[in-house]
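S.K.: Now for the letters of each chain:
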Amino acid sequence: MIGGQHLLGMQQLDSEQINAILSTAQGFLQVSRRTIKKVPSLRGRTIITLFYEASTRTRMSFELAGKRLSADTVNISASGSSVSKGESLHDTVMTLNAMQPDAVIVRHPASGAAAFIANRIDARVLNAGDGQHEHPSQALLDMLTIRQRFGKLEGLKVAIVGDIAHSRVARSNLIGLAKMGAQVRVAAPKTLLPRGLVEAYQCTICPNVEAALEGADVVMALRLQRERMEGAFLPNLREYAIEYGISTAMLDRCNPDGILMHPGPVNRGVELSPEVVDGPRSVILDQVENGVAVRMALLYLILGGEPA
Amino acid sequence: MPRTVLDAKGISEALDAMAEAIASRPQDGPWAVVGIRRGGEPLAHRLVKRLTEITGKEPAVGTLDITLYRDDGFGPHEWPQVGITEIPFDLHAHTVVLVDDVLYTGRTVRAALGAILDYGRPRAVRLAVLVDRGLRELPIRADAVGLQIETQPSEHVDVQLEVTGAAADAVVVGERRPQEQGGDKK
Amino acid sequence: MNLIIQNGRVLDPQSGRDEAADLLIEGDRIREVAPSGGMKLRDAEVIDVKGAWVTPGLIDLHVHLREPGQEYKEDVASGSRAATAGGFTSIVAMPNTDPVIDNGELVQFVIDRGKRAGLCRVLCCGAVSVGQKSERLAPFGEMKRAGAVAVTDDGRPVTNPVMMRRALEYSQDFDLPVLSHAEDAQLSGHGQMHEGVISTQLGLQGVPGVAEDVAVARDILLAEHTGGRLHIQHVSTARSVDLVRDAKARGVRVTAEATPHHFSLTHEAVMGYHTSTKVNPPLREGKDRAAVIAGLSDGTIDAIATDHAPHSSIEKDVAFADAMNGMIGLQTALPLALNLWRAGMPLLKVIALMTTGPARVLGLSTPAIREGALADLAIFDPAATWQLDDESNYSKSKNSPFWGRPLEGRVRATIVGGKVVYQYDRKPVWSVQH
Chain A
844 MIGGQHLLGM QQLDSEQINA ILSTAQGFLQ VSRRTIKKVP SLRGRTIITL FYEASTRTRM
904 SFELAGKRLS ADTVNISASG SSVSKGESLH DTVMTLNAMQ PDAVIVRHPA SGAAAFIANR
964 IDARVLNAGD GQHEHPSQAL LDMLTIRQRF GKLEGLKVAI VGDIAHSRVA RSNLIGLAKM
1024 GAQVRVAAPK TLLPRGLVEA YQCTICPNVE AALEGADVVM ALRLQRERME GAFLPNLREY
1084 AIEYGISTAM LDRCNPDGIL MHPGPVNRGV ELSPEVVDGP RSVILDQVEN GVAVRMALLY
1144 LILGGEPA
Chain B
962 MPRTVLDAKG ISEALDAMAE AIASRPQDGP WAVVGIRRGG EPLAHRLVKR LTEITGKEPA
1022 VGTLDITLYR DDGFGPHEWP QVGITEIPFD LHAHTVVLVD DVLYTGRTVR AALGAILDYG
1082 RPRAVRLAVL VDRGLRELPI RADAVGLQIE TQPSEHVDVQ LEVTGAAADA VVVGERRPQE
1142 QGGDKK
Chain C
823 MNLIIQNGRV LDPQSGRDEA ADLLIEGDRI REVAPSGGMK LRDAEVIDVK GAWVTPGLID
883 LHVHLREPGQ EYKEDVASGS RAATAGGFTS IVAMPNTDPV IDNGELVQFV IDRGKRAGLC
943 RVLCCGAVSV GQKSERLAPF GEMKRAGAVA VTDDGRPVTN PVMMRRALEY SQDFDLPVLS
1003 HAEDAQLSGH GQMHEGVIST QLGLQGVPGV AEDVAVARDI LLAEHTGGRL HIQHVSTARS
1063 VDLVRDAKAR GVRVTAEATP HHFSLTHEAV MGYHTSTKVN PPLREGKDRA AVIAGLSDGT
1123 IDAIATDHAP HSSIEKDVAF ADAMNGMIGL QTALPLALNL WRAGMPLLKV IALMTTGPAR
1183 VLGLSTPAIR EGALADLAIF DPAATWQLDD ESNYSKSKNS PFWGRPLEGR VRATIVGGKV
1243 VYQYDRKPVW SVQH
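Protein chains in written order, with the working numbering: chain A, 844 to 1151; chain B, 962 to 1147; chain C, 823 to 1256.
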């Protein structure tokens, strides 16, 4: 059970819990497809989304999830709040705590910020991305999308391609997929491969993107942040697109049923060529739909139970 | 000691009586039979058969999952099973017969009414239950009852059906097992 | 009033003495040392310290006292109290205050504050460069005349190699060692902890070990080239230990220190994002920790220094990335150093690393327990367990990963210039006779 717990990362979940969350999420998909997209499960609960980084889709996905469970959702973003007036994270958290929310969904540029807040607040904290640490709901929606296609995760060959070093999505997926028995391989420019990756996660490092895609069931492309051009990690976007971008021809190396995923938003023509984004292997929009269902499942499982 | 209040023959006869009772009620639009997951689901299919025999027309059939409409949440050590609701017909045109195995506090039926209305607006809703064990907590009453019995809150009414893996069809009343506390248990 | 310290186990690294002995202190000097029971009673206060160990007062080469400018974290008086509670009789203040101690007047100010506190000897370093900006040399001569014992830009590296060259040259005219915070700031970048498997798991930017190694190598080569006296502060990597060892073998005038946290902890302590473990240089890997201990054992590293760096909740009760570097260490240094002895290092070696070692780095007179020596002494119970907490802590700050954890080895009393400046728990720790 995860009832009454914080969700700070995939690190805390075991395979049984992950399976149960995915199964619950599968049940929630139906709610979003109805005319009346609302169930009363979390009626009267208050959910705050506290976002210190710009994010349209994740914030909206959590907000819709809360609303479709009948919770009241309030959005706080770093601009236009006391956050921008220099209030410390500690003071912001204490202020929120005094307003008695049931859950706080946190996005923050500092790794560990979700744990920092969880240690100081009575509400349940759901990590919606803390720095380069974890983004567990993204990994869960990715796993739900894969499970829908293949009926399982165990034994699947999953290639994660791109800026591993700075990606919380990659970290959460590396942890989660390993727990579910998938075989993860990664490919990235050497400058964007963190040290100790193989030691930290059960994965293999491929010498190039082609090798990673060979026979892969799932290809997960990561978003390349434009600011990576500044720290001398890469020469320019054009070279990245040519050397590390994924094209239709490269996807032919995958398993014939192989799927292409991306956490979004896509830099078209950088990590993915435009035609593969809309191509037959792309499940990018399924990921978005599954995102709402996974977040409904998480909020429901964490807040919906009787107090222990 | 557990006692059997209905055997296979008894259940069969009870379903016949329920079908008769439903069919005798005023009907606005065609019948649709919706089983409340999970106990009502197999009974709904059997009731559809009986209603087809009586009325000569096969009613539409569906299932309703009420997990997300429960008023009591779920236990701290429980993984709630969020099931699929299947209503493969237009609710607006039909008179819906909600089917459940046991009517007890009435909270499941209240949740089911809430759930069904989120899928559409039926012409009317009727309620058919195999066993009404009394002890209502909400003002809810069934239109068709297979068996009415008196029970204690400490007791458990177990509807066993061959289709769901039991040795034989039967309704058994026994002492509630210790882990089953709270909620709208049967 | 004369003082007799009776029945302690006297440990003197300078002479190698390790025996139960009695000390007679007259004024600020040790007048007589005799095997226990061998001293004739006379008109003196007699202190029986049976079960405790008596060593020369500890010397800490590396302390941030935060005065002037950040007295909410620490000041000279509170830092001195923490020092004496940790068995230290001399501490060396770093100049990265606000304003930076880069002139004689400020050196004098800190020394005066230390005298006014009247607890331990407060020595002071001057900055290498004005404002620690690596642009213009600070006035070494003026600072030396005011009492500075060394120059350093600690807290930040001397980024400009020309500045380091000039400092190593010019400091020779005043016989001042240059203490180097050896770090290539560009290689460490925005790093928050040691770069390795833990930083990858935590998603924290890493400070690679090579950021230290490159700077240590640079400074050693510059010391070799100039003939200046170089001291490498807080050595934390295996490679840096090797570089210092090789340099010493070549005859380069280089010394080094290591902190208790670098020989006690590894980067695994950061898991959980505990900001008390955020230090610069960062906590490294097991192999680095082992190399630092080996360096302390074989004389490559000359001294244990705390890098006592107090911070308040403003700097530490924040997300890990936003937290400032540093931990307090004055009161935990001795018990952690005794762990080295518990793990097999000779006891007198451990004591030397906290007494004669640091004295030699700075060119101070050698601390010793012998007739005529200055009566700076630490008296401690090696087996007493305690914890650093609100009751025992004397620093104004609490940023220690050892906070609330059991520590073995507790200071019973500290004597500076013949005066008892600290005694445990303010309870009388000895019986008084006349």
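In case anyone wonders, no lab produced these hints; they're calculated from the structure. Some clues are possibly wrong.
Mimicking EDC-like on lysine to aspartate or glutamate, the simulated pairs with C-alpha atoms at most 20 angstroms apart in a straight line are [unchecked claim]:
| no. | chain 1 | residue 1 | chain 2 | residue 2 |
| --- | --- | --- | --- | --- |
| 1 | C | 1241 | C | 1006 |
| 2 | A | 880 | B | 1098 |
| 3 | C | 1220 | C | 1144 |
| 4 | A | 881 | B | 1079 |
| 5 | C | 955 | C | 897 |
| 6 | C | 872 | C | 1230 |
| 7 | A | 880 | B | 1026 |
| 8 | A | 995 | B | 1051 |
| 9 | A | 881 | B | 1026 |
| 10 | A | 910 | B | 1123 |
| 11 | C | 1241 | C | 1230 |
| 12 | A | 910 | B | 1079 |
| 13 | A | 880 | B | 1123 |
| 14 | B | 1010 | B | 1123 |
| 15 | A | 881 | B | 1123 |
| 16 | A | 910 | B | 1051 |
| 17 | C | 1070 | C | 1120 |
| 18 | C | 1109 | A | 906 |
| 19 | C | 1241 | C | 848 |
Predicted model only: the values in this text are computed from it and were never measured.
S.K.: State for each hint whether it applies.
M.R.: Verification of the supplied hints:
Restraint check for residue 1241 (chain C) and residue 1006 (chain C): not satisfied, since their Cα atoms lie roughly 44 angstroms apart, outside the 20 angstroms limit. This hinted pair does not check out: residue 880 (chain A) and residue 1098 (chain B) have alpha carbons roughly 29 angstroms apart, beyond 20 angstroms. As the CA atoms of residue 1220 (chain C) and residue 1144 (chain C) are separated by approximately 18 angstroms, the hinted pair is consistent with the 20 angstroms bound. Using a Cα cut-off of 20 angstroms, the hinted pair residue 881 (chain A) and residue 1079 (chain B) holds, with the two alpha carbons roughly 8 angstroms apart.
Of the pairs offered as hints, the one joining residue 955 (chain C) and residue 897 (chain C) is violated, with about 24 angstroms between alpha carbons and a cut-off of 20 angstroms exceeded. A C-alpha spacing of about 18 angstroms is found between residue 872 (chain C) and residue 1230 (chain C), which places the hinted pair at or below 20 angstroms, so the restraint holds. With a C-alpha separation of about 15 angstroms, the suggested pair residue 880 (chain A) and residue 1026 (chain B) falls inside the 20 angstroms cut-off, and the hint holds. A hinted pair counts as satisfied when its Cα atoms are at most 20 angstroms apart, and residue 995 (chain A) with residue 1051 (chain B) does not qualify at roughly 34 angstroms.
Restraint check: the Cα-Cα separation between residue 881 (chain A) and residue 1026 (chain B) comes to about 14 angstroms, which is no more than 20 angstroms; the hinted pair holds. Using a Cα cut-off of 20 angstroms, the hinted pair residue 910 (chain A) and residue 1123 (chain B) is violated, with the two alpha carbons roughly 41 angstroms apart. Distance hint between residue 1241 (chain C) and residue 1230 (chain C) is unfulfilled; the C-alpha atoms sit about 26 angstroms from each other, more than 20 angstroms. As the CA atoms of residue 910 (chain A) and residue 1079 (chain B) are separated by approximately 15 angstroms, the hinted pair is consistent with the 20 angstroms bound.
For the given pair, residue 880 (chain A) sits about 36 angstroms from residue 1123 (chain B) by alpha-carbon distance, which is inconsistent with the 20 angstroms threshold. A C-alpha spacing of about 17 angstroms is found between residue 1010 (chain B) and residue 1123 (chain B), which places the hinted pair at or below 20 angstroms, so the restraint holds. Annotation: proposed proximity of residue 881 (chain A) to residue 1123 (chain B) is violated, straight-line Cα distance about 36 angstroms (limit 20 angstroms). Proximity of residue 910 (chain A) to residue 1051 (chain B) is assessed by CA-CA distance (about 26 angstroms); at most 20 angstroms being required, the pair is judged violated.
Pair hint residue 1070 (chain C) plus residue 1120 (chain C) holds up; C-alpha atoms about 12 angstroms apart against a cutoff of 20 angstroms. The hinted pair formed by residue 1109 (chain C) and residue 906 (chain A) fails the criterion: a straight-line CA distance of about 47 angstroms is larger than 20 angstroms. Between residue 1241 (chain C) and residue 848 (chain C) the alpha-carbon distance is near 10 angstroms, which keeps this suggested pair within the 20 angstroms criterion.
The structure fails hints 1, 2, 5, 8, 10, 11, 13, 15, 16, 18 (numbered hints given earlier, in ascending order).
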